[in-house]
Amino acid sequence: MTDALEIQRVEYAYSRDVALRGVSLGVDAGEIVAVTGPSGCGKSTLVHCAAGILRPQAGTVTLAGRNLAELTEAERTRVRRTQVGIVLQFGQLVPDLSLKDNVALPLLLEGHHAAAARRAALGWLERVGVAEDSEALPSELSGGQNQRAAVARALVTGPAVVFADEPTGSLDSRAGEQMMELLVASARDGGAALVIVTHDNLIAAYADREVRLRDGVVQHEVRLS
Amino acid sequence: MTVTTLITLARPKSSTDRRRSTLLVAAVAVAGVFLLVGQRIVRVGSLDSATYSSYLTEDGLRPGVVTAAVLLAAAACALAFQALRLGTAARDRRLAALRLAGATPSQVRLIGAADAGTSGLLGGVLAGPLYFAVAAVVQSLPQVGRVLPSPAVGDLAAWPVLAVVLALVAAGAGGLLRRQLSTEPKSEPDRAAWQGRYLTIGAVGAALVALSLMPLSPILIFVQAAGVLLAASGFAPVAVAAYARRLERSGDPVRMLAGGRLLHTSRSIGRMLALLVVCGGVVGAVLAIGRDRQLSERELAASGDFIYTGLGFVALLSLFAAFAAGVAMLAGAADDLLDQRSQLAALNVFGMGASQVLRSVRIQLTGPAAVAVGAGVLIGGGLVCSLQNRVDPPADTSSVVVFVLIAAAVVGVLAGGVAALASGVLSGQVRDAVDPANLRTT
Amino acid sequence: MATAELVLGLLSAGPAHGYDVKRGHDSWFPDSRPLAFGQVYTTLGRLERDELVEVVDRASEGGPERTVYALTAKGRERLARWLAEPIEPAPGGVDEMVRKVVATIRTGEDASAYLARQRAIYLHRIRELKSAEAGGDSSSWLVRDYVALHLDADLRWLDRALDRITEQKETNR
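Chains as they are written, first to last, in the UniProt record's numbering: chain G, 1 to 225; chain R, 1 to 442; chain A, 1 to 173.
Worth double-checking, as some hints may not be accurate.
Stated by the list, open to error - Non-contacting residues of chain G with respect to chain R, defined by C-beta distances greater than 12 Å in every case (computed):
hint	residue
1	G26
2	G30
3	R66
4	N67
5	E126
6	G129
7	E132
8	Q145
9	D172
10	R174
11	L182
12	V184
13	D200
14	Q219
15	V222
What the hints assert, rightly or not - Some, not all, of what chain A presents toward chain G, calculated at C-beta under 7 Å:
hint	residue
16	A116
17	A120
18	L123
19	H124
20	I126
21	R127
22	D152
23	L155
Since the hints were made in silico from the structure, they are not lab data. These numbers were taken from a predicted model, which means no experiment stands behind them. Note that beta-carbon positions come from the ideal geometry of N, C-alpha and C, so glycine has one too.
Model the full structure from these sequences, guided by the hints.
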């Protein structure tokens, strides 16, 4: 099986404190990995490095076969756009655009035709169960509905890896469970690997493997499936 | 609630808050200067026509100067009002926190009033020295440019009165704005309902202008100006919304982002654009009159200085008003960037970086500003042409009409260029907004 | 185990014979151990003796004898009292996991390696419970949720315990 993501001895320090002290992690294609640990352990920083949002100060990140350190900023952006999907705690949809346009946005940025992009967006909104609200603005819908649209936006480009950073953090436990079921099913459906950042054991249990961080290093790695 | 508590709660909390209150103080101060100028001219007796511009010395022209001062004060007030509305999202959250902490709606209103009132008072206090400085500068101009008499003792009395009045008005506006925020959250208003109201306002304005154009119409020039202002205030937001929807449908992500933002700020942007239309109108009228005057050499020889000074002042003043509108629009855009930073940071992950976001901001500002100013020039010039046609029917105004058309295009493009350059001011805010660190904020 | 009260609950819908009671129990708790026939009949016998249930029919249509039981008024009252009574919290500190962790620390073994093993097993179990959630009887998720949340509580306790142990080690250094 080819690796969707390969992180080797990545180090990252913010201006004040060190977040990652040499973390290595491989994710197979289609695999679901939970990155867990207490708050401040570096989980989000790891995901931001893996997604090519932050440039690690040491170590390498290989995403869908491309070593991010060897790419120019423009190439990195392109890899990120086509190979990475991201779901954040609050959905982070553009408040001025309808759900459909929000989901179509990554495709449009990639240069797809508007009509085709919107069709694809509608298709994904149907799969995540909010197609009837495709013309609504994020502010007109619940947090759970917004998160569903965020899942659609993350998967619409057919990425190799979807990163979900505390995706259920703003939802109650039942809505959070439904969200996780949807996220797992959607990632399988879209053939994407899924990296879930969470501090919640019940959410981590959806993964095939748990990678636990503590103080910027991998404390342990266990297989759950 | 004690006064100390009130002041602590009302004081600006963040750097954005401080920027906002600086803008508010500056706008109130400028409004105060123009009001002081107005009251000085109203109270002036007879003046030596050798020392002062004939705009001051002739009784018939003086009310015009006062009106101009009041209109400019109004433009500065519009800017101040816009400044008061900035930072809404952040303030909403703080107010909600205050309400949770047990503040009653009237206390929240009081905090809003205190916040705006102190800025108003500060602006009013600053207006005094500013006014005396301006008056001194005007005194140093040659006779044709002296449109303001030297300060009088009465000004020293008018200044504190004005400061208090400005503080009270600002406090009233601040309390009023918070009232909407402190009431129960309302259900999402119908997105299209406001357009009907605005179209009606626009139609009333257009009707006034049309009436003023009828032969032997009793409608005065000021009514005509009011008509233009009403029509612009009514139609501009609707036009902005229509343009925004077209951008949204375009399928180009940068234009869609611009369209979405425009659609949801079309009313406040529309208000600023209406101001730009009026400014353009003044410029158009000035250009048309100037062009027409060039035709009659005889008149020019007789009173060229007088006419050109007047036209120059009017043009300068309309530039100031346009500047105020532009600042308000930029401040609003900066505010939006701050509000939406976590969403913009998320878009950055999908490959919409700082340069594209800046381009989208530029699209939001450039097109509407260019069209508003161009349309204004066309309206102002057109009205002058029609007036001249009426006064002197056999005169051939076709060359002026062509001139106005060209002027509208040139000034419009120029305004767009300025707007495009000015939006570059926001590049720092854009970079801050797309920073991945914002992914963690709510 | 409140088997007696559970049997009263199973009879609350109407008269039933022993086999129905057993089947009802197993459908209420699909993931638990099935109720043994012997236990059903001894329980019903005891309940009859205490006048909490009564025999309403004894049919034997060519097959084994089938006794149909129904709740008495007294039985119904007993059931209501049982349902209304809250459970006393279990006495703490006797769980095997607690013993193991204490022993791990006292013997100087690697506590974080223990955490990893325990997390792997528990998370795996939670995962199984979640994947079983689809389908099944309408109330079975109740039991699975109960188990999953208890496993989660154990894991969180383990996390905290190890956090404090590390803190202690760092301050003692």
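Hint check results:
1. Every Cβ of chain R is farther than 12 Å from the Cβ of G26/G; the closest lies at roughly 22 Å, confirming the non-interface assignment.
2. Every CB of chain R lies more than 12 Å from the CB of G30/G, the least distance being 21 Å, so the non-interface label holds.
3. Once the 12 Å rule is applied to beta carbons, R66/G is consistent with being away from chain R; the minimum gap is 15 Å.
4. Interface exclusion of N67/G from chain R stands, the closest Cβ pair being 19 Å apart, more than 12 Å.
5. Here E126/G stays apart from chain R, with its beta-carbon at least about 20 Å from theirs, past the 12 Å limit.
6. Every Cβ of chain R is farther than 12 Å from the Cβ of G129/G; the closest lies at roughly 22 Å, confirming the non-interface assignment.
7. Separation of E132/G from chain R is adequate, the least Cβ-Cβ distance of about 17 Å exceeding the 12 Å criterion.
8. Remark: the non-interface label on Q145/G is consistent with the geometry, its nearest Cβ contact in chain R lying 14 Å away (cut-off 12 Å).
9. Distance check on D172/G: its Cβ is at least 17 Å (rounded) from any Cβ of chain R, clearing the 12 Å threshold; non-interface status holds.
10. Listed as a non-interface residue, R174/G keeps its Cβ farther than 12 Å from every Cβ of chain R; the least gap is roughly 22 Å.
11. Remark: the non-interface label on L182/G is consistent with the geometry, its nearest Cβ contact in chain R lying 19 Å away (cut-off 12 Å).
12. No beta-carbon of chain R is positioned within 12 Å of the beta-carbon of V184/G; the least distance is around 21 Å.
13. Remark: the non-interface label on D200/G is consistent with the geometry, its nearest Cβ contact in chain R lying 17 Å away (cut-off 12 Å).
14. The non-interface label for Q219/G is consistent with chain R: the shortest C-beta to C-beta separation is roughly 22 Å, beyond 12 Å.
15. The Cβ of V222/G lies farther than 12 Å from every Cβ of chain R, with a closest approach of about 27 Å, so its non-interface assignment holds.
16. For A116/A, the interface hint holds, since its Cβ comes within 7 Å of a Cβ in chain G; the closest pair sits about 4 Å apart.
17. A least Cβ separation of about 4 Å between A120/A and chain G falls short of the 7 Å threshold, and the interface hint therefore holds.
18. Satisfaction of the interface hint for L123/A is found here, the shortest Cβ-Cβ separation to chain G being roughly 5 Å, below the 7 Å cut-off.
19. Interface restraint check: H124/A against chain G, minimum CB-CB distance 5 Å, threshold 7 Å, status holds.
20. A hinted interface residue such as I126/A counts as satisfied when its beta carbon comes closer than 7 Å to some beta carbon of chain G; here the least separation is about 4 Å, so the hint holds.
21. Because the smallest distance between the Cβ of R127/A and any Cβ of chain G comes to about 5 Å, under 7 Å, the interface hint for this residue holds.
22. For D152/A, the suggested interface contact is upheld, since its CB lies about 5 Å from the closest CB of chain G, less than 7 Å.
23. Hint status for L155/A: holds, given a least beta-carbon distance of 5 Å to chain G, under 7 Å.
Of the numbered hints stated above, none is contradicted by the structure.
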